[in-house]
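A.B. asks: Once you have looked at the hints, place chain B on chain Z.
Protein chains: 2
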Amino acid sequence: MKIVHYTQEELVPVNAEGAQNTKMRWLIAQKDGAPNFALRIFEVEPDGHTPFHMHDWEHEVFVVSGKGALQTEEGDKPFAEGDAIYVDPGMRHAFKNTGDEPLKFLCIIPHEDAAPKKSANPFADESADNC
Amino acid sequence: MKIVHYTQEELVPVNAEGAQNTKMRWLIAQKDGAPNFALRIFEVEPDGHTPFHMHDWEHEVFVVSGKGALQTEEGDKPFAEGDAIYVDPGMRHAFKNTGDEPLKFLCIIPHEDAAPKKSANPFADESADNC
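Chains Z and B are the protein sequences, given in the same order. Quick note, the working numbering runs 1011 ahead of the 1-based positions in the first sequence. Quick note, the working numbering runs 1011 ahead of the 1-based positions in the second sequence.
Bound-form chain Z, shown alone (with noise of 0.2 Å):
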């Protein structure tokens, strides 16, 4: 178990080819024990981004604060405060700030570069509402 403000965790800048002005903290982590997926938040400075690229794995995103966009290889999707994105496994994309105060969002990513699988599990599908 773990209870942690998000600033109690190290802001490690983001030093990936690409990125500009962007850093990050992990809050729950495999360090945590945490057996499939890591909890990150991302803190991306106006005028910030992360790197234009791809990858096998998904990302679950929900933003903090601030405003932005999803950069696509069809163009910029703007989102806000509120939003939770989803970006597809094998999709380009690199998140811009594209506001005039630091843009906070949390990025979930697997442990693992994960095939899609049958839910075992029935609060998972949409069936059960449980927590």
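Check the hints yourself; a few may be wrong.
Unchecked claim - List time: in silico DSSO-like cross-link candidates among lysine-lysine, alpha-carbon distance up to 30 Å:
#1 Lys1078(Z) - Lys1042(B)
#2 Lys1078(B) - Lys1042(Z)
#3 Lys1013(Z) - Lys1034(B)
#4 Lys1034(B) - Lys1034(Z)
#5 Lys1013(Z) - Lys1078(B)
#6 Lys1078(B) - Lys1034(B)
#7 Lys1088(Z) - Lys1078(Z)
#8 Lys1078(B) - Lys1078(Z)
#9 Lys1034(B) - Lys1013(B)
#10 Lys1078(B) - Lys1034(Z)
#11 Lys1088(B) - Lys1088(Z)
None of these hints come from the bench; they were simulated from the model.
C.D. replies: Here is chain B on its own, set in the frame of chain Z:
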């Protein structure tokens, strides 16, 4: 790909035994093509709580607004906006609103009741910082 404001997804009551004044929305789920895990938001009224229960899968949680307590077998652990919470598989727990305003938190669950896996994804083990 999907971009949706959380308020655009249906708010459905949590009717599980032991739940009180709690509703939730499925933000990203298998219907969206998400292969591994589901992102939901829970909205708990001031006198509300989720069931005190356990199951074989983990929760990764981020508190969007409000304050509450994680009920555990070792007592209540307070939390507030901006906290990340990890609940281990097999740990008895409930989320309770302890404030005067609605408590809203994201809760991510795996599609499968998965056992711990070795990472094959360099972006999931804190050795990389990409998005």
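A.B. asks: Hints first: check each against the structure and report whether it holds.
C.D. replies: For each hint, the structure was consulted:
1. For a cut-off of 30 Å, the pair hint linking lysine 1078(Z) to lysine 1042(B) stands: about 26 Å separates their Cα positions.
2. Our distance criterion of 30 Å between C-alpha atoms is met by lysine 1078(B) and lysine 1042(Z), whose separation comes to about 26 Å.
3. At most 30 Å may separate the alpha-carbon atoms for a hinted pair to count; lysine 1013(Z) and lysine 1034(B) meet this at roughly 24 Å.
4. Between lysine 1034(B) and lysine 1034(Z) the alpha-carbon distance is near 33 Å, which puts this suggested pair outside the 30 Å criterion.
5. Distance hint between lysine 1013(Z) and lysine 1078(B) is fulfilled; the C-alpha atoms sit about 16 Å from each other, no more than 30 Å.
6. A hinted pair counts as satisfied when its Cα atoms are at most 30 Å apart, and lysine 1078(B) with lysine 1034(B) qualifies at roughly 16 Å.
7. Note on lysine 1088(Z) and lysine 1078(Z): the hinted pairing holds, with a Cα-Cα distance of about 11 Å set against a maximum of 30 Å.
8. Between the alpha carbons of lysine 1078(B) and lysine 1078(Z) the distance comes to roughly 25 Å, so the proposed pair stays at or under 30 Å and holds.
9. Taking the CA atoms of lysine 1034(B) and lysine 1013(B), the gap is near 22 Å; set against the 30 Å cutoff, the hint holds.
10. Using a Cα cut-off of 30 Å, the hinted pair lysine 1078(B) and lysine 1034(Z) holds, with the two alpha carbons roughly 27 Å apart.
11. With a C-alpha separation of about 39 Å, the suggested pairing of lysine 1088(B) with lysine 1088(Z) is violated against the 30 Å cut-off.
Of the numbered hints given earlier, the model fails hints 4, 11; all others are met.
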